[in-house]
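**Student:** Please model the complete structure; the sequences and the hints are all you need to start from.
In case you want the letters, here they are:
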Amino acid sequence: METPTPILRMSGIEKQFPGVKALDGVDFRLMPGEVHALMGENGAGKSTLIKVLTGVYDIDGGTIELDGRRVDFASPLAAQHAGISTVYQEVNLCPNLSVAENIFIGREPRRFGRLQWRVMRDRAVEMLSQLDIHIDVTAQLATYSLAVQQMVAIARAVDIDAKVLILDEPTSSLDAGEVGRLFAVMRRLKEQGIAILFVSHFLDQIYEISDRVTVLRNGGLVGEYRTAELPQVELVGKMIGRELADLERLESRPTVRHTTPLIEAENLGRAGAIEPFQLTIHQGEVVGLAGLLGSGRTEIARLLFGADHASTGSLKVDGAQASLRTPRAAIRQKLAFCSENRRAEGLIPDLTVRDNIILALQAARGWTRPIPRRRQDELVQRYVAALNIRPGDPDQLVRNLSGGNQQKVLLARWLILEPRLLILDEPTRGIDVGAKAEIQRLVVELSDGGTAVLFISAELDEVLRLSHKVAVLRDRRVVSQLDNDEELTTDTLTETIASGARS
Amino acid sequence: MTSRTVPTGWPGIPRKYVPVLVTAGLFVAMFVAGGIRYQGFATGQIVLNVFIDNAFLLVVAVGMTFVILAGGIDLSVGSVVALSTMITASLLNDGWNAYAVILLVLVIGGVLGLGMGAIIHYFEIQPFIVTLAGMFLARGLCYTIGTDSIPITNPTFTTFAQSAVPLGPDLWITPSVLIGAVVVLVAAYVLHYTRLGRTVYATGGSEQSALLMGLPVARTKIAVYTISGFCSALGGVLLSFYMLSGYGLHAVGMELDAIAAVVIGGTLLTGGTGYLFGTVLGVLVLGLIQTIISFEGTLSSWWTRIFIGVLLFVFIVLQRLIGTRRTGWPRLRSRRVPVPAAGADD
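Residue numbers (the numbering used here), protein chains in the order written: chain A, 1341 to 1843; chain B, 1071 to 1416.
A hint or two may mislead.
Claimed, not checked - Partial chain B-side listing against chain A, Cβ under 8 Å, derived:
1. THR1264
2. TYR1271
3. GLY1275
4. SER1279
5. LEU1282
Treat the hints as calculated values from the structure; they're not laboratory data. Note that CB positions come from ideal geometry on N, CA and C, so glycine has one too.
**Tutor:** As structure tokens, then:
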């Protein structure tokens, strides 16, 4: 396995941003025919390293060698020409064009300047079949699932005579089967001698696919290891730089609570979004929603928060009939909703941490009664400290924070309202292990303090670890509600999701 | 997996062709209805007359199609048409050679478009505002040349304007229609068989993605406004043939007719989807409405506007329905109302 010459060698890379040293003497090497995972918490410097490598940023120090030659890319295009292709987390293709065009646009086969559509189609079919994808390449890209689109992006990336393929969190929106297909493709590319740099937050995936792993922390290099020789716990320890006590303390299962019901949904439903369901959430109870992407998890959350109107059924809050027709009505009932889409539906990136945190409280008071600055500072200080938001400067723009810290700012905004029910939609997606543990601990603390939590997550162990009760969704229907007792494991949950009933 | 088709009663027709087919169906239906209702309507010459009377609009709409496909808008086209007629008429009166004048006018149109495109791209300003400024500028320049209508007496122009190209028994067109047809064919070729054309579609589909895919977005955006400016100038020359005059009040509101033709032809205003053939049909539908209203005799010409308005509504709604019924992942998201940031709904 030890290949003598790396295809890519980055040594002593330095990158300085105003006020922050993003990369501090990082070494990184990539062998041909290996899958190399790049690990680190959010803000550890993974994306910066990738952006330096692909020519988005220029470097302040250090050297990059590709194939033994010193290189210095001025633009992503230059990096592409040199054989470094990147597939980003978000699919960066044109949904309005055909699959074939998306693979070839910019390098279409031409004769005398005229595009050869037939050649393009045939070659696209051939390339995709190598990736084990058999689709109509003349159909619009938008008609296919995200997984297929991701594969098309990879087909495009590989066709650029790639020597190095960078996959930046390609799996975060794929389901298990789709991930399997992606991995099969990665293995095949690996056999062809392509070096693959793989970034993912899912530890299991890292262990399944990668040969070697490089860990970064706070812009510095922690080390390069063979994946097989590095136990998971140690890897996480290296990433967050401390012991795993934090995570393990949560391992004990929460006990079922018997308190008064806070939310009672009777046959609540919305045509086309979610079939009528019963759901009771008690005070201080954590209710998990498990199910595949698109199974109706978010739809339930939106109904309870009044973001969508129910077409059937009724909702009781605190035993009294309530009609939550708008999010404002829900906020008045002290319900809070942290959306899964924190960028588009929650945070305002160009405001400061302070302004973002204070926003909901100010709105609840009304804009004519501004919150005194001293009280603002007090509140913000308290929550920045409680949630360990970094950097801890309230005047920093939210845009400049890493994903995990942005998520915490959003949480803080709702927490200062002291909600009775907090709906968390995928609060830990795309954030690192350390921040994940902090958010999970927070959920436990809130629940101990009497706040009910509706917890939506694609990660079943997380749901199991936190919830008192799990509602399982399948095809826009609540198929089962399970108490979190000894018999409930991720396997039984998976089975319920797959079969529709507990077996 | 196979090609996804419209889930309605037309199996086998890819969804992308539906708007164009609807427009084609509408045109045929209007033609048939007119033929039943009015004597002497259902002849080939009626269709050809629509082309004759709207050759300049066709050319302008072709330029507009490029801009809209790339995700932009060009409000300056009507004014550039007027300015072109004005420059043409005044220079011809000063005794310039007709061909030199045409060449100069085309260059001026292209340069105006190039300038607007460069401002839109490099200063990242909304195309709406930049071309609105261009619209005022060009219209205002007309009046620096003259405030009255200037008649064209140049023999080359009058010969050209009065000549007819026979197409068969009782069928004829003007040279302007031929020019329009050539423009349409060249434009369709460019859009479908050249890199520039496909990059126009890609830019309109997702500018950000196009950029990350390494496509020359800057060049393309500037190119579409240059093409639109050029087409406007050519439309102005054709209008000079048709009107045999230059006037600052020519082509008032033509930008809106051109946009209407493009939209009725099935091109999405958000860019990236549509066909040039649809634009041709859009122009034909607009022209045929005028023809029907003139056949009706009793209706005021303002009814043209009313029908165009109704049609636009229908087509925008149709596109919305087709757009939201797309399969795949964007569907779920696009139909949901975003949760407002807390307090943002005040």
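**Student:** Could you run down the list of hints and mark each one as holding or not?
**Tutor:** Hint check:
A hinted interface residue such as THR1264(B) counts as satisfied when its beta carbon comes closer than 8 Å to some beta carbon of chain A; here the least separation is about 6 Å, so the hint holds. A least Cβ separation of about 6 Å between TYR1271(B) and chain A falls short of the 8 Å threshold, and the interface hint therefore holds. Taking 8 Å as the C-beta contact cut-off toward chain A, the hint placing GLY1275(B) at the interface holds, the least distance being around 4 Å. The beta carbon of SER1279(B) is positioned within 8 Å of a beta carbon in chain A (closest approach about 4 Å), and the interface hint is therefore held.
Here the hint on LEU1282(B) is kept, as its CB sits about 4 Å from the closest CB of chain A, short of 8 Å.
Consistency with the previously given hints is maintained throughout, with no hint failing.
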